[in-house]
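Enquirer: Sequence:
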Amino acid sequence: MAAIDCGTNSIRLLVADLPDAAAGPEAPLVDLSRRMEIVRLGQGVDRTGRLAPEAIERTRVALTEYAAEIEKLGAERVRMCATSASRDASNAGDFRAMVEQTLGVAPEVVTGDEEARLSFTGAVRGLPAGAEPPYLVVDIGGGSTEFVVGTRDGGVDAAISVDIGCVRMTERHLHGDPPGLDEIAAAQADIAVAVDRALAAVPGRGAGTLVGLAGSVTTVVAIAQGLTGYDPARIHHARVPYQQVGDVTADLLAKTREQRLAIPVMHPGRADVIGAGALVLRVIMERAGMSSVVASEHDILDGIAWSLA
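Under the UniProt record's numbering, the first residue of the sequence shown carries the number 1, and numbering increases by one thereafter.
These are computed hints drawn from the structure, not numbers from a lab. Any given hint could turn out to be false.
The calculated label-pair distances, taken between Cβ atoms and stated as ranges, are [said to hold, decoys possible]:
1. Leu181 with Val61: 37 to 43 Å
2. Glu108 with Gly74: 21 to 27 Å
3. Ala22 with Pro264: 36 to 42 Å
4. Ala262 with Arg60: 27 to 33 Å
5. Gln244 with Ala189: 21 to 27 Å
6. Asp20 with Gln259: 44 to 50 Å
7. Leu181 with Glu258: 18 to 24 Å
8. Arg60 with Asp231: 37 to 43 Å
These figures come from a predicted structure and were not determined experimentally. No residue lacks a Cβ here, since even glycine has one placed at the ideal position from N, Cα and C.
Put together the whole structure using the sequences plus the hints.
Expert: Next up, the structure:
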């Protein structure tokens, strides 16, 4: 099966086989191809309410490559889910038409609730035995962040999506290079209001383990580990304490974009928004009272693929 996750900042592809039945119920998918491109589909959406034509074109170029990969690997089932940016845009019809023409299937603009459930499914399958339930899974995207609480056996107990993400918070608040203290304070206050609303809707403060998903989290964890290159195997299921998350966040927010680009694990397309993404993670840990976060490289993309099984 082939799964595509098109978010506010990135578009990702997973082509995978189901695991062998003998591998057990917690066995992961067998990856054939896993790719990511930063296309910034949500460029300016928070301000204009529309998808920028150049953002749609960047996405089309990436999708053209993905369609060729899907055909080459012979995927039998394809599902593309489009998230926050295309939920918000007044010209979402232009985006949909482009996807159908390029990929041959229509994008599903999933609700925040469905997005949360797909993220949870992808994240908790294969969590190490030491990860204490219930789990609070947070998926920090470009335009929104999903909060999901549940267990491996019982599934999702509660979920909510709130409009805080690394692109949205950067465009709304963090304009300096590096951002000023007043800008950071405004972003932190905005994030805290949304996080408190989310934690009032889902019982995250009583969770045993915080599981963090998506590029902002995995990049912070990679920096905290001192990696000299982005290594998914080292990042997947790594546990990082709050103090290190706080230190990395402060360092990122104090750096210029050029200095962030020089960090060995930094994807060039993430350098201008990683400060906001790290800040979202730090505020979540503070407001939920979490002493550490477990990073997962498996997320909504894996959940989309499992939904095709």
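Enquirer: Lying within 21 to 27 Å: is that true of the beta-carbon distance Gln244 to Ala189?
Expert: Taking Cβ atoms as reference, Gln244 and Ala189 lie about 24 Å apart, which means the hint holds.
Enquirer: Determine whether the Cβ-Cβ distance between Ala22 and Pro264 falls within the hinted range of 36 to 42 Å.
Expert: Between Ala22 and Pro264, where Cβ atoms are some 39 Å apart, the hint holds.
Enquirer: Hint says 44 to 50 Å; check whether the CB-CB distance for Asp20 and Gln259 agrees.
Expert: holds (46 Å)
Enquirer: Lying within 27 to 33 Å: is that true of the beta-carbon distance Ala262 to Arg60?
Expert: holds (31 Å)
Enquirer: Could you tell me whether the CB distance from Leu181 to Glu258 stays inside 18 to 24 Å?
Expert: holds (20 Å)
Enquirer: Could one say that the CB atoms of Glu108 and Gly74 fall in the range 21 to 27 Å?
Expert: At 22 Å between Cβs, range holds.
Enquirer: In this structure, is the beta-carbon distance linking Arg60 and Asp231 contained in 37 to 43 Å?
Expert: violated (31 Å)
Enquirer: Please test the hint of 37 to 43 Å on the beta carbon pair from Leu181 and Val61.
Expert: Hint holds: Cβ distance 39 Å, inside 37 to 43 Å.
The earlier numbered hint that this structure contradicts is number 8, and it is the only one.
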